[in-house]
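*Asks:* Each residue of the sequence shown is one higher than the last, beginning at 1 in our numbering.
Treat the hints with caution; some may be incorrect.
[To be verified] Result set (DSSO-like, lysine-lysine): computed pairs, CA atoms no more than 27 angstroms apart in a straight line:
#1 Lys186 / Lys232
#2 Lys180 / Lys28
#3 Lys28 / Lys125
#4 Lys239 / Lys125
#5 Lys99 / Lys30
#6 Lys99 / Lys187
#7 Lys295 / Lys270
[Said to hold, decoys possible] Cβ pair distances, simulated, as ranges:
#8 Ser165 / Phe340: 42 to 50 angstroms
#9 Glu100 / Glu185: 36 to 44 angstroms
#10 Asn29 / Ser165: 23 to 31 angstroms
Derived from the structure by calculation, the hints contain no laboratory data.
In this text, a Cβ means the ideal position worked out from N, Cα and C, and glycines have one as well.
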Amino acid sequence: MENFFKIVNVTFSSSKNHQLNNINLDIKNKGDVICFLGPSGVGKTTILRTIAGLEKISSGEIWLDNKLLSSGKHHIAPEDRKVALSFQDNCLFPHLNLKENIEIGIKSKKNLKKNEISFLIKTFKLQNLLEKFPHQISAGESQRVSLARTLLSNPKLLLLDEPFSNIDPGLKEELQMNLKKILNEKKLTTILVTHDYNEAFYFGNKCGLFIKNNLEQFDSPYQIYHYPKSEKVANFFNKGVFIKVRVVSRFAVKHHILGTISGNFVEQKKIGSLVRLLIQPEDLIHDDKSKLKFKIIDKKFIGTNFIYHLRLPKNEIVPVLVHAHHSHLHDVNDEFGVKFPINIDHLVCF
């Protein structure tokens, strides 16, 4: 079966110094959601603008539902693509109130269900703002208006550029749930750009991580987190650390302090070779009775959990995650026990 959407060997250029080379990715099924992650300035928004038809390409192809949208010799106008783009800066019309801004993209209101506008207004909590003008509302409120307007157009492909970046955390989670429900019910194929990997993992059937000029990995959220294909991918999430170990068997490595660490290699390494092992906060287990103890140099509270950073000899530092309701809480400079021997489900080594 042909993929619903695909990008084939396209180089995206926002400037001479910023381009993404030979990008290939696809959305297999109608209704799937993929998310783009990566640092600022890498070109994620340029990809959305190009898919929407606001930028042209010199080579490669972009296809949607078996229709060629862009190639080196072919370019369908933005208004004929059935693609809707919600910009990060929202682009509301300053001379229209919010209700008029929401409805402006509807070509024929007769074909729209009577309750669809009111449903989206309630979904994004805009009931009390409709008579206001863009200069009278916050950036987060503008984003909610832009989301409602974009969804009303019922496109074949929905493009969302940082749709929740200005929305307060408490409201953001509720709106994310509401949006995901709408996307699922409408089977609305979506590409969402975000800096927040938790948001990407929540929405995405697949996630694409862009670093510098490359698509480093395009995979399911589980695969991209637990099976990173490069140190760049692992480092992007900035939760784990790498420690030097030696491969001692097909199922184990050995560290000069932590001892033998067993598990399954993500990619098999040669026995005897020196490698760098990724240690995530959830990999090590706290044990007050363990003889393997290290000094706490930092403690971070993250709601349901604490993350402790422990200093090993030779100035290595490892993180350990502990549930916040754990009865034996520790402070900086305390000794902290780590369960031994250590077993990690996924041995990620480079």
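*Asks:* What are the numbers of the hints that this structure violates, sorted from low to high?
*Replies:* Structure breaks hints 1, 3, 4, 5, 7, 9.
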